[in-house]
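Chemist: Note that the protein sequences, when read in sequence, are chains Y and S. Each residue of the first sequence is one higher than the one before, counting from 18 in our numbering. Each residue of the second sequence is one higher than the one before, counting from 18 in our numbering.
A portion of the hints provided could be inaccurate.
[As the list claims (entries may be wrong)] Sample of chain S residues facing chain Y (criterion: CB under 10 angstroms; computed from the structure):
hint : residue
1    : G166
2    : I389
3    : G450
Calculated directly from the structure, the hints in this document are not laboratory data. Since the structure is predicted, the reported quantities are computational estimates derived from the model, not experimental observations. Don't be surprised by glycine CBs; every beta carbon is placed ideally from N, CA and C.
Protein chains: 2
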Amino acid sequence: MKGVGIGIIGLGNVGGGTLTILAENAAEIARKLGFPLRVAAVCSRHPQAKTLPAGLGPALVTSDWREVVAHPEVEIVAELVGGTSVAAEIVEAALRAGKSVVTANKELVALRGVELYHLAERHGAALAMEASVCGGIPIHAVLREGIAGDRIEALFGILNGTSNYILTEIEQRGAPFAEVLQEAQRLGYAEADPAADVDGWDARSKLALLASLAFGVRLEPSAIPTEGIRRVSPTDFEYARQLGCTIRLLCSARRAEGGLFVSVRPALLPLDTIMAGVRGAYNAVWVRGAFGADTFYYGRGAGPLPTGVAVVSDLMRVARGLRPAPAHRVPPFAASTLEPADPLPIGRQQRPWYLRFRIKDRPGIIRDLATILARQSISIDAVLQLPGQDKQNLPFVITLESSPEAAVRAALEEMQALDFMVEPPLAMPIERGI
Amino acid sequence: MKGVGIGIIGLGNVGGGTLTILAENAAEIARKLGFPLRVAAVCSRHPQAKTLPAGLGPALVTSDWREVVAHPEVEIVAELVGGTSVAAEIVEAALRAGKSVVTANKELVALRGVELYHLAERHGAALAMEASVCGGIPIHAVLREGIAGDRIEALFGILNGTSNYILTEIEQRGAPFAEVLQEAQRLGYAEADPAADVDGWDARSKLALLASLAFGVRLEPSAIPTEGIRRVSPTDFEYARQLGCTIRLLCSARRAEGGLFVSVRPALLPLDTIMAGVRGAYNAVWVRGAFGADTFYYGRGAGPLPTGVAVVSDLMRVARGLRPAPAHRVPPFAASTLEPADPLPIGRQQRPWYLRFRIKDRPGIIRDLATILARQSISIDAVLQLPGQDKQNLPFVITLESSPEAAVRAALEEMQALDFMVEPPLAMPIERGI
Numbered sequence: 018m019k020g021v022g023i024g025i026i027g028l029g030n031v032g033g034g035t036l037t038i039l040a041e042n043a044a045e046i047a048r049k050l051g052f053p054l055r056v057a058a059v060c061s062r063h064p065q066a067k068t069l070p071a072g073l074g075p076a077l078v079t080s081d082w083r084e085v086v087a088h089p090e091v092e093i094v095a096e097l098v099g100g101t102s103v104a105a106e107i108v109e110a111a112l113r114a115g116k117s118v119v120t121a122n123k124e125l126v127a128l129r130g131v132e133l134y135h136l137a138e139r140h141g142a143a144l145a146m147e148a149s150v151c152g153g154i155p156i157h158a159v160l161r162e163g164i165a166g167d168r169i170e171a172l173f174g175i176l177n178g179t180s181n182y183i184l185t186e187i188e189q190r191g192a193p194f195a196e197v198l199q200e201a202q203r204l205g206y207a208e209a210d211p212a213a214d215v216d217g218w219d220a221r222s223k224l225a226l227l228a229s230l231a232f233g234v235r236l237e238p239s240a241i242p243t244e245g246i247r248r249v250s251p252t253d254f255e256y257a258r259q260l261g262c263t264i265r266l267l268c269s270a271r272r273a274e275g276g277l278f279v280s281v282r283p284a285l286l287p288l289d290t291i292m293a294g295v296r297g298a299y300n301a302v303w304v305r306g307a308f309g310a311d312t313f314y315y316g317r318g319a320g321p322l323p324t325g326v327a328v329v330s331d332l333m334r335v336a337r338g339l340r341p342a343p344a345h346r347v348p349p350f351a352a353s354t355l356e357p358a359d360p361l362p363i364g365r366q367q368r369p370w371y372l373r374f375r376i377k378d379r380p381g382i383i384r385d386l387a388t389i390l391a392r393q394s395i396s397i398d399a400v401l402q403l404p405g406q407d408k409q410n411l412p413f414v415i416t417l418e419s420s421p422e423a424a425v426r427a428a429l430e431e432m433q434a435l436d437f438m439v440e441p442p443l444a445m446p447i448e449r450g451i
Numbered sequence: 018m019k020g021v022g023i024g025i026i027g028l029g030n031v032g033g034g035t036l037t038i039l040a041e042n043a044a045e046i047a048r049k050l051g052f053p054l055r056v057a058a059v060c061s062r063h064p065q066a067k068t069l070p071a072g073l074g075p076a077l078v079t080s081d082w083r084e085v086v087a088h089p090e091v092e093i094v095a096e097l098v099g100g101t102s103v104a105a106e107i108v109e110a111a112l113r114a115g116k117s118v119v120t121a122n123k124e125l126v127a128l129r130g131v132e133l134y135h136l137a138e139r140h141g142a143a144l145a146m147e148a149s150v151c152g153g154i155p156i157h158a159v160l161r162e163g164i165a166g167d168r169i170e171a172l173f174g175i176l177n178g179t180s181n182y183i184l185t186e187i188e189q190r191g192a193p194f195a196e197v198l199q200e201a202q203r204l205g206y207a208e209a210d211p212a213a214d215v216d217g218w219d220a221r222s223k224l225a226l227l228a229s230l231a232f233g234v235r236l237e238p239s240a241i242p243t244e245g246i247r248r249v250s251p252t253d254f255e256y257a258r259q260l261g262c263t264i265r266l267l268c269s270a271r272r273a274e275g276g277l278f279v280s281v282r283p284a285l286l287p288l289d290t291i292m293a294g295v296r297g298a299y300n301a302v303w304v305r306g307a308f309g310a311d312t313f314y315y316g317r318g319a320g321p322l323p324t325g326v327a328v329v330s331d332l333m334r335v336a337r338g339l340r341p342a343p344a345h346r347v348p349p350f351a352a353s354t355l356e357p358a359d360p361l362p363i364g365r366q367q368r369p370w371y372l373r374f375r376i377k378d379r380p381g382i383i384r385d386l387a388t389i390l391a392r393q394s395i396s397i398d399a400v401l402q403l404p405g406q407d408k409q410n411l412p413f414v415i416t417l418e419s420s421p422e423a424a425v426r427a428a429l430e431e432m433q434a435l436d437f438m439v440e441p442p443l444a445m446p447i448e449r450g451i
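For reference, chain Y alone in the conformation it holds in the complex (with noise of 0.2 angstroms):
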């Protein structure tokens, strides 16, 4: 089938991320949707100090956003220049000349989503805005179509990854917030005037934004009470702990009798909750479903590539609906084809181990196990034992550096057949990279 032509203006952080994917994942876009993705055109300020990423192609390189817009073989028009004036003038040129939009600015998705929104079908084409929320996370999809059955009953966000990787360092470090900050600020995770991250202004509008996806309403910024994190100190996080409670700027929207309760604001959540857990820099949605009962979302806050991973799922989505497949097909698959798969023999795979024995005590023992695991080239990484324990039945613990499962496969077997073994060894991987 015939590719969309994408016509892409900016080339910015999230511009260079989306073009990167559009290159280097090229193949497997063309697998799920069907038909591939062609830049036809890229527009930048300073176009002659861009290189484009090798495999996008030929593409029309220029300055002027207008040509970008009006070249013919564009039919999506990704809006990445970010700010409200140029960008609006952009994304309505676009939609009035029948063309697609996917933006990822929630500045102006914010300011005039809805009336653009209106423009779109007005001109039968199609405005995708997912990028301009938690771009890390894929909530749009969930809220329209995951779980589009349910009737949202709450939403709570961390929406904010500046100050959460702040909140997460004045937990850990115990360090004031003005020493923080600026350590934050030298390494480029805090901007210079940093208002807007921890004073709440930033994680007001992504709230203002998710609650009109979950509920259906429009909500201005401004009507949601909002604090941000400078008065939270190192002795807040102590006495929350006491509490069994950590502090995190919680973005919070549910349903009350006569309407929604919305605020962002410093709050204390249980230490064993999953939104606890949260740390660094990352953003996180909980929705709690009237029917489904209660899910949760996770992943980076922003960044070049995850945001680009949102634009280009839009421009896909825009795309599947530009060549639409025969009859109302409704694929349940990311891939509309699948190859049949032979998984590597297990063997093969390197992992880290943790391997606990009950034995029956006497000299020698580890030592007759370290000799198997040498003779497999296998490096022991700790021994443990729990004291106290019943010296005919002794559990105990060796846990191996990152060896391939074959060989400690082997060994396994060897050390079964050794007269002071109360059961076969129990193995487990250990996984760190989770």
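Mind docking chain S on chain Y? Use the hints.
Modeler: Just chain S, lined up with the frame of chain Y:
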């Protein structure tokens, strides 16, 4: 717009949950779609023993599924009988009649999913099977839409709620597997024959389906190396804790050179990871993308209503295909119209509170504060004070029982004027319900 007629076959747990949602959430569903879903026919083996929920409207009730498939108003058939023989007949008959099908049947999809999907395609019908795996987590929508632009590198899951419940109980109570299993059976959390859950077979077939979705491959469940949790003991949790880890039945599928490594087995996970925080009868999926970094999804493992939400969301998605909106419209919001919302005055919200003071210490401080709180009819929950603090700038905390925010604000204002206050009190709500 004319509503879409639904036929429900099978009124067991999931069928019952689906009908409940279709009845009780009808207005919200119609608002999101722009047209209603009407239950036109229902099939149950014992139709006389079933009472349909109020508000469904008149529907054919029969014990013959063929009548549902043949019903002229039925455009989508929901196959909710389970098993693989009659269920297969139903799905095939419906698709051959050009009717779209929604199924929550994991066994059928695992066994014949691809074949049925091609049958649907040939007859111009849709086949939606999202409810069949992880009904409580909208992972299909995420993989198909939300992060479609990414290339999945690895997928990890906790996919069996029963075994996760058992492991959590062993972890928290230190009781042995056999005892915990017995109790889980008594409480109805585990089947009389627990093999499918505790030996990893159920998780294995779910992993096979998720890997198909994530990697675009066909994977036979029998090709996945699988080990259950029967041998995991309280001692293993003690050793794991020494290693900073806990133990979960981990399903994993990850790309490596030349193919996929897949396995289902107990594994050690670091305690400070989000995945380790998954406790009780919940499911979770961790996805690592080549571009978008890591995302994480969490929800109920099963249950009539969570699975019902997945079925109804599928019905809505298929129905949207049957009544396509004008042009290639991609609604950015869950609802097609947005009502303006005035949030409720936050003062009316009831919450337990954390108040942190910094004071110059002198006798009578608690009395003064307690007097103000009592005047606002606010009950104190606890007074906390860390040892060894500066008496001239003494931080201490009062927690309040659930109180309206307006009363708390009024009290805070009065407190602020007290001569011993070094700075205005810091107030944060305590969110125990997330």
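Chemist: Confirm or reject each hint.
Modeler: Taking the hints in turn, this is what the structure says about them:
1. G166: Holds - the Cβ of G166 (chain S) comes within 10 angstroms of chain Y, reaching about 3 angstroms at its closest.
2. I389: The hint is violated - I389 (chain S) has no Cβ within 10 angstroms of chain Y, the shortest such distance being about 20 angstroms.
3. G450: Nearest chain Y Cβ about 8 angstroms off; hint holds.
Of the hints listed earlier, the one the structure fails to meet is number 2.
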